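Visitor: Which chain is which? The protein sequence lines are A and B, in order. When we follow my numbering, the leftmost residue of the first sequence carries the number 1, and every step to the right adds one. When we follow my numbering, the leftmost residue of the second sequence carries the number 1001, and every step to the right adds one.
Just to be clear, a hint being listed does not mean it is correct.
Claimed, not checked - One-sided excerpt, in silico: chain B residues whose CB lies under 8 Å from chain A:
#, residue
1, 1022
2, 1037
3, 1040
4, 1094
Hints were generated in silico from the structure; no laboratory data involved. Note that this is a predicted model, so its numbers are computed, not measured. Note that CB positions come from ideal geometry on N, CA and C, so glycine has one too.
Given next are the chains, with one letter for each unit.
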Amino acid sequence: MSQSIAIGCGSAYATDRLDWAVELADSGLVDFMCFDRLAERTLALAQIRRLNDETTGQDPFLPEITEAFAPFLARGGTMIGNFGAANPAAAADDVAAGLRKAGLEGIRIGVVYGDDVLDHVLDQDLELDELGTSARAIRDKIVSANAYIGAEPIVDLLEEGARFVLGGRIADPSLFVAPICWKLGWALDDWDRVARATVVAHLLECGTHSTGGNYTDPPYRELDLTRLGFPMAVVDEREAVITKLDGTGGAVDIGTQRTQLAYEVHDPAAYLTPDISADFSQVTLEQVGPDRVRVSGATGNPRPDTLKVLVGVDLGFKVISESSFGGPGCIERARSAADLVRVRLESLAAGIDDLRTDLIGVDSLFGDRMSGGEPVEVRLRIAARTHDKVTADAVAAEADHLWMGPNGAGGIFTRTVPAIGVTPAFLPRDDVKLRTEVIEA
Amino acid sequence: MTKLREIAYSRSGDKGDISNVCVFPYDDADYDRLRAALTVDVVREKYGALVTGDIVRYELPGTCGLNFVMYGALDGGVSISLRADPHGKSMQNLILDIDV
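Only chain B is shown next, with the shape it has when bound in the complex:
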């Protein structure tokens, strides 16, 4: 099995209680593989109870990117959250642990 981290990189950002986690392949030839592997169901399974709301997947075909928008993902958002990482800056590293 290959971890996503071996073929892709990621960044997460926050707006209120919403975390966005984007993923781009190192090699654009892997874009279709990412699209097939990173379904909303797979990502939801990985994040589990960390995300209490919907997860929506958007595509950026111009740059071979996928963007996962996770609602209710930051325990209320940076100023309310009691989590160790209230911005969810580390959310990007969990998606890279998915087997593809």
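The following block holds chain A by itself, in its conformation from the complex:
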């Protein structure tokens, strides 16, 4: 008997909007909704929240998410997400409380533990190539280390009857690969089938980024962005079709799917996830109906022996300040303001790791690389990274003093935030000990 799965995306980042995703879940068209809730630095910031209060660190939006998707769960739907962030146990408690409040006692919640490898990273003294140093050398500055979790433990939990699966750093595509392979009975070492699941996952995982977000560029391509549909897919043994809810904005077409296909992929012939080395280079896309694109041609090679780990590093503080200059001579006045601040900050040089000044409207994005003309106004941006708060406050004060700088500095705004760097490292797969648990709401 041929099986199929209808699977939707519920979010692509921590603060993604809920209402359009709820619309898809409540449409009755999908049985599974998968939620990516973490960006590269989200988890490091969650770890810091947990350091300050050990009952926190999970997705702060879980209560409202559980409430919003309760009707979907009540109808028999299954939800999977990396809601655990830095604290999967606390997340599971939130979900259980939310389900009970919604009258959904008895739903099984599956939890994946073990992505937090901070102790191991410090013990093993990992190389941090992007920073040009090692974990040992900056041991006291490392605040987090989380390995990417693949589909395997999620499949185990679905097999145990879990209807709400959560974990920490579950890899974005693995959130979708697990239910596709589980529902269709595809083995996790059947590389071509896992590759087919992975390309579908990759086209879904970015939510409305896949249905028209970050795509419109008038007059060359224009879409209705006022009510973007979250993407969904119908997958069976024979084919996989990406689509979205009828009547929603955006588009599932060759253009939106192509840009998503290559998005954040490096070598298309070796797209590496915890589950597979997938080959997307020969993937083809075919428009088979309105907002319906068939994807085929993905093949797979065995999964990598190592797991990627994101290591969070406390790099002090970031100070960002902006001020506007307008009218004739605005660029010269903004440049003289930047020079003024640089001179004033010379005495603080020992505490400043990095400093840059840009003119927004002139050179802040591309330097002098883009062809362009003169603006009628510019905004000076001053950005500094400091290794202590005293220096950060002093930099902020100098930027603020531009009220008494060159003529007409308007709308001065300054903020200081912690600078948490995240940098990749790799651990042998066997060093990451994952464990699962099922609790009942």
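Got chain A sorted already, so can you dock chain B onto it with the hints?
Guide: Chain B alone, transformed into the frame defined by chain A:
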């Protein structure tokens, strides 16, 4: 001269300090023209000091795409970078300014 934007579209993504900028033609018949015009040297010249490391070009023949992987392109990556656009979401718009 034609700007790339008139015949192609693009998207950029970030992983750490690496930016990937993909390009697809509106008309698949222009794929060979893109392959000829968008050499690594041309792209490197366009991005200049924005990219401090290697640029590698990959092809996606199934979808007529080119993918440029730029190392050291995000001033240390989103959480470290002091740039106005630390994710490099706008990196895609600079390649479209290339004359083809």
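Visitor: Hints first: check each against the structure and report whether it holds.
Guide: These are the hints, each one checked on the structure:
Of the supplied interface hints, the one on residue 1022 of chain B holds, with its beta-carbon coming within about 3 Å of a beta-carbon of chain A, less than 8 Å. Taking 8 Å as the C-beta contact cut-off toward chain A, the hint placing residue 1037 of chain B at the interface is violated, the least distance being around 17 Å. Given the 8 Å rule on beta carbons, the hint for residue 1040 of chain B is violated: about 15 Å separates it from the nearest Cβ of chain A. About 5 Å separates the beta-carbon of residue 1094 of chain B from the nearest beta-carbon of chain A, less than 8 Å, and the hint is met.
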